[in-house]
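Based on the provided sequences and hints, a complete structural model is requested.
Taken in order, these protein sequences are the chains called A and B.
Taking this note's numbering, the leading residue of the first sequence gets 158, the next gets one more, and so forth.
Taking this note's numbering, the leading residue of the second sequence gets 1022, the next gets one more, and so forth.
I should point out that these hints are in silico values taken from the structure, not numbers from a laboratory.
For every residue, glycine included, the Cβ atom is placed at its ideal position computed from N, Cα and C.
Keep in mind that the hints are not guaranteed to be accurate.
Computed beta-carbon distance windows for the label pairs [as the list claims (entries may be wrong)]: (1) M1022/B / Q474/A: 48 to 58 Å; (2) G271/A / E1211/B: 31 to 41 Å; (3) E1208/B / L460/A: 52 to 62 Å; (4) G231/A / D1072/B: 18 to 28 Å; (5) S314/A / Y1112/B: 13 to 23 Å; (6) D232/A / H1160/B: 13 to 23 Å.
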Amino acid sequence: MAEELAQMLTPDGELRGEPPVDLEATRHLYRAMVGARLFDRKGTALQKQGRLATYAPFEGQEAAQIGSAAALRGDDWLVATYRDAAAMWFRGYPWKLLLLWRAGDERGGAPPEGVNVLPPSITVGAHMLHAVGLAWAAKLLGQDRIALTSFGDGATSEGDFHEAMNFAGVYQVPVVFLCQNNQYAISLRRDRQTASPTIAGKAEAYGFPGVLVDGNDLFAVYRVTADAVGRARAGGGPTLIEALTYRLGPHTTSDDPGRYRDPAEEATWRERDPVERVRRYLQRQSAWTEEWQREIENEEAALIEQAVEEAEALPPQEPGQIFEAMFAEMTPQLREQQQELSGGGPVTPTGDR
Amino acid sequence: MATLNVAQAINQGLDQALAADRRVVVLGEDVGRTGGVFRVTDGLLERHGEDRVIDTPVSESGIVGAAFGMAVGGLHPVAEMQFMGFSYPAYDQVVSHVSRIRNRSRHRFTAPLVLRIPYGGGIGAAEHHSESTEAIYAHVPGLKVVVPSTPRDAKGLLLAAIADPDPVVFLEPIRLYRAIKEDLPEEPYEVPIGRATVAREGTDVTVVAWGAMLREVGKAADMLEEDGVNAEVIDLRSLVPLDTEAVMESVRKTGRAVIVHEAPRTAGLAGELIALIQERALYSLQAPVARVTGWDTVFPLKRSEHHYLPSPERIVAAAKRLVES
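Next comes the structure, spelled out in C-alpha cells:
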C-alpha cells in the first residue's frame, strides 16, 4: 500500500526536491488560487445577501483543486461536485455560469462548447461512474482524452464509489479518481466514514495504484495528478489519489461547523493554508511582492464583480422555458403543459363537448 | 422477409445497429459469451468484438452510470438489465442523471442511451424475476418508455430507440420472447416512438394494453367475438410519450374502455389513462372505464402467479360488464 504522504512544499513554503513547474507557471497557479479564494468568499457573501440559493465553500481546498485541474489538458473531461468551483473554473467553466447555477438558474449548467466539464454533481458518488463512462467512450472512440473525477471522503462510502473503481480497474479505462479528503462529510468525521487507515489504500482492492498526497501542497498535488493523468493517457489505467485537506468553512451556508468540530482543529489547519504556502515559496524565490499581491487581488476581484453583474443582469427564464430542455423535441404532453402554464388555461378537462 | 420471434427480432435489430454505427455498444451482465440470460444478444460478441459487446461485472448502477458517461461522451450505448426486478440498484442513475442531463445542462450535454429491461411474469420464474413496474419509469420526467408486443414492433422500436437523441427505456415482455413468430423485413426500419397502433378493429368496447398483455387481450377479444361483442384493441407501444389521441379516437367510437396491465393497480398507468379519457372523452362514454390489472400484492411465486396475472376471462368479464351496463 502506498501510504507515504507525498509532499513537496512544507507549510513554511520550503521546497523539497525539484519544482514540478517553473516560477512563472507557479505565479500563474498562485494567482488562480488567490482568485478562487476571492470568489469563494464572494459566494458566501452573496448567499448571505440572499443573492444565491446556497453556497458550498471550498476555502482550504484551493491547492487540491487548482493543482489537479492544472494537470489536465485541453479536451480532458472533468466530472466534479458542488464544492469544486475552483477546479471547474480553472478548466474554463466561467464564474458567471457557476454563480448563475448557484442562484438557481439551469442555464448555469451549460458550460461553453469545448469546455469538457459536466455541470456540478449534487448527488454524492454517482458521478464517478460518469467519468468512467466518459473515459471509456474516449478510449473506444480512439480519442486522446482522459477523465478526472473529484469527490469527497463521504462519497467513498457510496456504492457507486465501489462500482466506479471496479469498472475502471476491470476495463483499464483512462480515468483518475481524486478524493479531496477534507475530513468531514457535513458533520461526520473521516474516522467514522471508513475503518480503512487511508482512502488511497482502497485502490489496492481494485487492482490499481492509490496515492496519498498532501492536498494543501500545490506542487505535490500537481505532481501526483500529472503522473496519474500521464499514466492514464498512455494506457496504464486508473489511479486513486487521496488529497489530504481540510474544509475551513462550513459544508454549505446552511450549517454551523461549531456543532461538530473543535475550533482548535480549524486553527491547526489554518496554519497549513494552501494559498499562504505557495506565497511563502514565491517569496523565498523573490517572486512575490505586496504590490503584486494587491495588483492580482484587484484584477481577480474585478473579474468576479463583472461575473456577478453579468449573471444578475440575465433576465429570468420565461415560464415556458422550463419545458424546453426535457427532450430534443418536445412531447405533445409537454407542449400542452407549457401552453397551460403560459396562460392558455387548462386545455384538457373539456370532456369532448 | 424473415420469420422471427421477439427475441430474434431484437437480436437482429441490435446486430444491424452495431454494424451500422460504431458508436453503438452493448453492455450488461452475461450479454457476451452466453448471449444474455434470454439469448437476446446471442452471437453479437462474435460478430462485433468484446470492445463493443461488453460483459460487465454484476453491477447495475455501474452499468447504467458508465453507459450514461459513454452516452455523454459520444457513444450510443444499449445497456441491459437482466430482469426488471434487478434494475432498481440502477434507478438512482436513471432518475438522478440519465433522465435529467439535457435539462440540467440546457441541451449542452445529452444521454442518448437505451436501457433494455426484460419485464413481466407468466413464466414461473424465481422471486424478483417477474416485475412489471413500468409506472416507476414512466413517472420520471425526461425518459421515454416503450414496450413492443410483436416481433415487428420489437425490432422497429428498438432501432428507433437507438436512433433517438434522448434516453429510452425499452421494456421486453419476457413471456412473449418466444411465444409468437412473425414475418418482418430483413433490412433496418424504425417504428416511431409515441404512436399507438390499432391491433384489432372493433366497435363495442376499446381495450387498451401493452407488452405481454396484448396476447391475453387478443384471446379475450376472440372470446368476446363469440358472444357477439366486438372489441377494438389498442396496443400503446409507447408509454411515454403516450399517444393520447389514438386512445381517444377509439373511445369516442366505442363509448367504452377497459385498461389492462399486469402491473399493480394502485398508481398504475391505468389511472393515468382513465384520467385522460375523462378529460377528453367523458361525454362519449356509455359506461365507466374499467381496469383489469395485477393486484397490489408482491408478485406471487410460480404456484400462484396465475391468480395475479390478468387473464382473458377477467378481461372478458370486465368488457361484458361495460357492454351490459
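Comparing the hints with the structure gives:
no.: 1; hint: M1022/B / Q474/A: 48 to 58 Å; in the structure: 51 Å, holds
no.: 2; hint: G271/A / E1211/B: 31 to 41 Å; in the structure: 32 Å, holds
no.: 3; hint: E1208/B / L460/A: 52 to 62 Å; in the structure: 57 Å, holds
no.: 4; hint: G231/A / D1072/B: 18 to 28 Å; in the structure: 25 Å, holds
no.: 5; hint: S314/A / Y1112/B: 13 to 23 Å; in the structure: 19 Å, holds
no.: 6; hint: D232/A / H1160/B: 13 to 23 Å; in the structure: 37 Å, violated
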